[in-house]
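J.: Here are the chains, one letter per residue:
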Amino acid sequence: MSHALRVVAAEALKQHRRLFGQPLVLFSMLLWPLLTLAATYYTVLPVMESAAAPQRWPVAADPRRLLAFLAAGALAYTFFFSLVQSAWHFSFERVSGTLEALFLSPASRMALVIGNGAAALTQNAWLFGCFAVAAATAADVLDVAHPGMYVVAAVALLVPAVAWGAFLNSLLIFSRDSAFLYTLLDDPLWFVAGVRLPLFALPVWIKVVGLAFPLTSSLVVLRGALLDRADLGDLVVPLGWLALLTVGLFGGASALLRLGEARVQRTGGLQVF
Amino acid sequence: MSTGIVTTDLRKTFPVRRWQGWRRRPAAAPVPAVDGLSLRIPPGQVTGLLGLNGAGKTTTIRILSTLLRPSGGTVSVDGLDVVEHAREVRRRINVISGGERMVYDRLTARENLWYFGQLYDVPRARLRVRIGELLDLVGLTEAARLPVERYSRGMRQRLVIARGLINDPAYLLLDEPTLGLDAPIAHQLRALIAQLAADGVGVLLTSHYLAEVEQLCRHVYLIARGSLVAQGSPAQLAGQTVRRHTVRLVLAEADPSVTAALRALAVRHDAELTVDVDDEGRPRFALRHPEDLVGAVVTAVVQQGGAVAGLTVTPPTLEDAILALADPAAVAR
Ligand SMILES: Nc1ncnc2c1ncn2[C@@H]1O[C@H](COP(=O)(O)OP(=O)(O)OP(=O)(O)O)[C@@H](O)[C@H]1O
Ligand SMILES: [Mg+2]
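Chains V and B, in that order, are what the protein sequence lines are. Residue 1 is where the first sequence starts when you use our numbering, and the numbers rise one by one after that. Residue 1 is where the second sequence starts when you use our numbering, and the numbers rise one by one after that.
Residues on chain V that point at chain B, a partial pick, calculated with CB under 8 Å:
#1 H3
#2 R6
#3 V7
#4 A10
#5 T98
#6 A101
#7 F103
#8 Q265
#9 T267
Take a look, some chain V residues computed to stay more than 12 Å from chain B by CB distance:
#10 L31
#11 L121
#12 F128
#13 G129
#14 D187
#15 F213
#16 A255
Label-pair distances were calculated between CB atoms; the ranges are:
#17 V83/B with K207/V: 42 to 48 Å
#18 E88/B with A179/V: 36 to 42 Å
#19 R24/B with E49/V: 54 to 60 Å
#20 R17/B with H3/V: 33 to 39 Å
#21 R176/V with A309/B: 55 to 61 Å
#22 P203/V with P30/B: 47 to 53 Å
#23 R18/B with P203/V: 41 to 47 Å
#24 L211/V with R124/B: 40 to 46 Å
#25 G132/B with G251/V: 39 to 45 Å
#26 W19/B with L211/V: 35 to 41 Å
Because the hints were derived from the structure by calculation, they are not lab data. For each residue, glycine too, the CB sits at the ideal point set by N, CA and C.
Put together the whole structure using the sequences plus the hints.
T.: Here you go:
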């Protein structure tokens with residue numbers, strides 16, 4: 001077990017060193033979310049000022065609450081998408097030849113993909129920092145039942161995210177179509193997950209699709225716990241579903257790793273000479 | 001329990017799919033890359049694996065290192081089956097291949113070695129010492145804190161070598177490790193390989209540099225199209241084929257009396273003679289014989305009043321022997 005922990009830590013550190021300081025990452029993780037947040041806010045605002053909107057969606061009545069709603073969405077989305085990016089980078093290790101060195105080693109493959117996903121957590125530490133500062137300056141927008149709910153919100157965001165990262169890593173390292181998946185998980189993800197619109201505003205079939213992504217339920221918990229004074233009892237359904245998804249994603253990652261490695265051992269597909 | 005790496009009747013056939021109409025289907029008869037190989041790589045010595053391009057050397061190494069699963073036959077490393085006990089086998093072996101891949105560009109040499117040390121679960125205290133030793137060994141101590149992307153090719157390859165030694169492997173599989181290295185560094189690497197073997201490591205070496213193989217290997221396996229064609233010490237191997245000098249002669253113009261004299265000479269020495277014409281239509285002779293017959297050939301031509309337009313002599317090499325054993329058809333050409 002301690003070997004697995006060493007691998008998780010080493011992989012997280014390596015991934016951090018590989019990506020940190022890349023201007024592209026800074027752009028996509030800081031400027032881009034802020035920009036889209038601002039764009040969404042000013043797009044949605046005029047619509048919400050019509051008299052009918054607040055009746056269906058009370059949040060719309062108060063621009064500050066609306067902003068908090070969208071900011072929570074941006075935070076969670078940026079966070080989940082950083083794992084997509086991380087996995088995308090991981091898939092390049094196949095081309096650069098280092099993936100072969102990983103498979104040569106006795107390291108647990110699951111520990112590797114978890115570590116790689118965990119690197120995104122540290123990458124995003126500042127993102128949480130910004131969010132925390134913003135939240136502190138606008139403390140009256142937050143509406144929390146009791147302090148324990150902060151922990152619930154954090155766990156509901158972090159744990160499924162790592163599972164999501166592990167799953168994506170497992171998928172992308174054996175796939176030649178990583179660019180396709182990258183695109184697929186970009187715009188459609190924020191749409192189906194209710195990042196910029198409340199879920200009830202979406203048609204049923206999108207809601208169903210959205211449930212398959214942990215981001216959707218993480219966001220429900222995050223907004224409920226931080227903005228709507230929900231306590232554990234109110235959130236039991238999305239939390240339960242998140243737990244199921246997390247287990248499913250880890251299970252899926254483990255299966256993908258096993259099948260993927262068996263396949264490349266048969267076909268020699270790791271070799272990209 | 002037998003020590004060493006032992007392969008028994010090893011086979012590997014890659015699944016090949018071809019487009020057939022609108023669908024991709026398995027090819028009717030995929031060609032095996034490794035076809036019934038039985039080898040033994042004992043600890044404490046360097047074993048050579050030779051063969052022409054595509055003979056199956058890299059495939060064999062990838063099977064031994066668990067990157068590929070054999071389609072048939074078995075491999076055991078100190079008695080451990082590579083398929084069943086893959087993880088335990090991975091701890092005991094390592095691979096170094098030419099072409100400076102397998103290290104991270106953005107990390108420094110030290111970080112690379114630290115990272116791989118963690119993957120191999122090298123005990124912490126041991127790892128600290130080991131990284132220093134290895135950097136020293138490959139001469140990267142000075143550059144240890146520079147990111148690898150600023151290294152030259154030779155420096156990168158040296159780091160690849162250090163990476164391959166990070167877990168103190170009991171068996172080291174070398175796939176053309178000196179590829180692209182300049183002479184002094186290749187020389188150092190050969191000394192290092194000899195030292196590792198003397199320290200008890202079992203080394204498998206593939207290389208296209210025959211001098212390297214002759215110098216290092218105690219036992220050599222020669223494979224062609226995935227099967228064993230010969231084995232023995234480098235000297236034995238070279239002795240298994242008739243080593244022949246080849247005298248190639250081009251005459252300025254055709255001359256029946258010269259041709260007759262050369263035919264007589266060939267019969268007298270029991271040498272193999274081929275006669276044809278070169279690109280410019282001049283008669284060309286190739287005479288193959290265990291001894292160097294160039295003196296006799298020139299004398300015969302001059303006595304008949306012929307004019308020599310070109311003359312080359314090729315002495316026998318281990319390379320000839322390998323070519324002759326691995327691909328008899330090519331030598332006859
Ligand atoms: N992943 C793969 N899929 C299909 N065929 C493969 C694959 N890898 C190797 N082969 C085939 O297997 C055979 C042996 O290849 P291998 O790389 O083992 O040769 P080699 O002896 O290492 O040659 P070289 O001296 O060029 O390195 C070749 O015919 C090659 O085309
Ligand atoms: Mg090869």
